[in-house]
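Input sequences plus hints: build the corresponding full structure.
What follows is each chain in one-letter form.
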Amino acid sequence: MNVSLLFLRKELRELRKNKFVLPVYLLLPPIAVILPVVFASLAPTIMAIDQNDPVVLAIHRIITTTPEFAHMGTDEAITRFFLRNLVAFYLLLPVGLSSISAAFSIVAEKQQRTLEPILATPITDFEFLIGKLLASLVPSIILTWAAAILAVVIVNWTTWGRYQTPLLPDRFWAIGVFLLAPIMGMASVLAAMRLSAKMSDPQSANQFTGLVIVPTFMVGIGIFGKVLTISMTAVAIACVVLLLLTLFLLRMNLKNFQREEILTKWK
Amino acid sequence: MLFSVCGLLTETPGFYDRISAWENLIFFSHLYRIPQTVREQRLEQHLREMNLWERRDSLVGTFSKGMKQKLAIIRAIFHEPKVIFLDEPTAGLDPEASLMVREMIIRLKGEGRTIVVCTHNLDEAQRLADIVGIINGRLLLCDTLANLQSGAGLTTSIEIELGEPLRDHQRTAMNLPFVKSVQGKDRTYVVEVENPSSNIPGLVRVLVDKEVKVYAVRPKARDLEAIYLQCVSGKGVGQ
Chain S
1 MNVSLLFLRK ELRELRKNKF VLPVYLLLPP IAVILPVVFA SLAPTIMAID
51 QNDPVVLAIH RIITTTPEFA HMGTDEAITR FFLRNLVAFY LLLPVGLSSI
101 SAAFSIVAEK QQRTLEPILA TPITDFEFLI GKLLASLVPS IILTWAAAIL
151 AVVIVNWTTW GRYQTPLLPD RFWAIGVFLL APIMGMASVL AAMRLSAKMS
201 DPQSANQFTG LVIVPTFMVG IGIFGKVLTI SMTAVAIACV VLLLLTLFLL
251 RMNLKNFQRE EILTKWK
Chain Z
1 MLFSVCGLLT ETPGFYDRIS AWENLIFFSH LYRIPQTVRE QRLEQHLREM
51 NLWERRDSLV GTFSKGMKQK LAIIRAIFHE PKVIFLDEPT AGLDPEASLM
101 VREMIIRLKG EGRTIVVCTH NLDEAQRLAD IVGIINGRLL LCDTLANLQS
151 GAGLTTSIEI ELGEPLRDHQ RTAMNLPFVK SVQGKDRTYV VEVENPSSNI
201 PGLVRVLVDK EVKVYAVRPK ARDLEAIYLQ CVSGKGVGQ
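Sequences listed follow chains S and Z, in order.
With my numbering, the residue at position 28 of the first sequence is 28, and numbering never jumps.
With my numbering, the residue at position 163 of the second sequence is 163, and numbering never jumps.
Straight line, CA to CA, 27 angstroms or less: simulated DSSO-like cross-link-like pairs of lysine-lysine:
(1) K110(S) - K255(S)
(2) K109(Z) - K82(Z)
(3) K10(S) - K255(S)
(4) K68(Z) - K110(S)
(5) K198(S) - K19(S)
(6) K213(Z) - K180(Z)
(7) K110(S) - K19(S)
(8) K68(Z) - K19(S)
(9) K17(S) - K68(Z)
(10) K220(Z) - K180(Z)
(11) K19(S) - K65(Z)
(12) K17(S) - K65(Z)
(13) K65(Z) - K110(S)
(14) K185(Z) - K220(Z)
(15) K68(Z) - K10(S)
(16) K10(S) - K110(S)
(17) K110(S) - K17(S)
(18) K198(S) - K17(S)
(19) K210(Z) - K185(Z)
(20) K109(Z) - K68(Z)
(21) K65(Z) - K10(S)
(22) K213(Z) - K185(Z)
(23) K68(Z) - K82(Z)
(24) K198(S) - K110(S)
To be clear, the hints were calculated from the coordinates, so they are not data collected in a lab.
So, in structure tokens, the structure goes:
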């Protein structure tokens, strides 16, 4: 078996009994399924409560000026608008899931004293770091995609009677979920791993991830999220920039991974 | 790669507590690239030797320190390394398991493997080692056990049996640079000398020249503890 996949298999077996990480894995994906279903059902009703609310007026303005929504009925356009904006949640889902797992991964190896025996094996630094990356990333991506697919099915099933057309996935949503989200997850895992290597206990690694990495990505999505639901060029630029960031972080992780020091100087 | 021919037993036997002993060993056996054809058979053999076969499916988190230590020993040797580093191999083990580990080390040594044991248990070192290094912040001494016991590089005591008690001028003649002390009366004396293997003949020659009848010269056998204590106290560290 490929050494990198070996870490994934081991991490999946451990995950079942990990009280730090498992609750997050069990909590967030169901929310990612429920949110679009709720919005798909209630968006027109929410918008109708106060027609003069500045936010409602702003949304109406966007809908009427976006050519894609121009030929649609108001309810359908509003619903599609809300659903498209929910892609932000799917971008944050792998960030949240995988970075918590990644933050835990290296610091837990330290705490359990398993890092020294691992580094005493013929495994290369690259194999180890890629193994750790995959072990944190793959479960979160699978859960994100599974939640997204389930949401698509339920949303289309519950709204078919109203619009006679599938609302999901639209192209921004699909690219966001299936391309941008994994890249973002990868960048967050590598950032978390870099920080995790400097921590000494899982709690502080978890807290650091929760207070720094996830909020950083949230702010990023808050700033650039709107343009990512309007412009395909912006989506492409975001993919390229995040890929470059991922490569930079991988290089930083490899450069700063002091194998010999861990083996000879650890107390 | 160097790592593939080395085995390491770390001071703390680090394992994944939330998975079983078997899964832990399988994980590490993959990392050591043990061929699939022999992997499970070899693990079973080692687990049976260590009396852990019945507990192979238990979570490592439920294991005692001694059981984890045994598991860590298996991990250090299951890829059949040429050089094995063992840090306190019998720490936490009961006397029976300690004996088994010592026998295993002797067996591995007999197979031609180089074994480096780091231990505070001097009795264990004396029983197992061919070459002993004494470290106290730095390497103070490194030699074969036989040389250390005979006093190479250190001062050591010898017992000299004479035909009659030493006279004053004969005793004065023993004030040689390498003689640290002379104690005794009647016909038996204990003399502390530096580098006895090279200096005893000179001492005997001086005594014979002064017409002392030397009946016997016997080195006083020393255990590793005495050598260690002498070495770290800084007395008579010749090398």
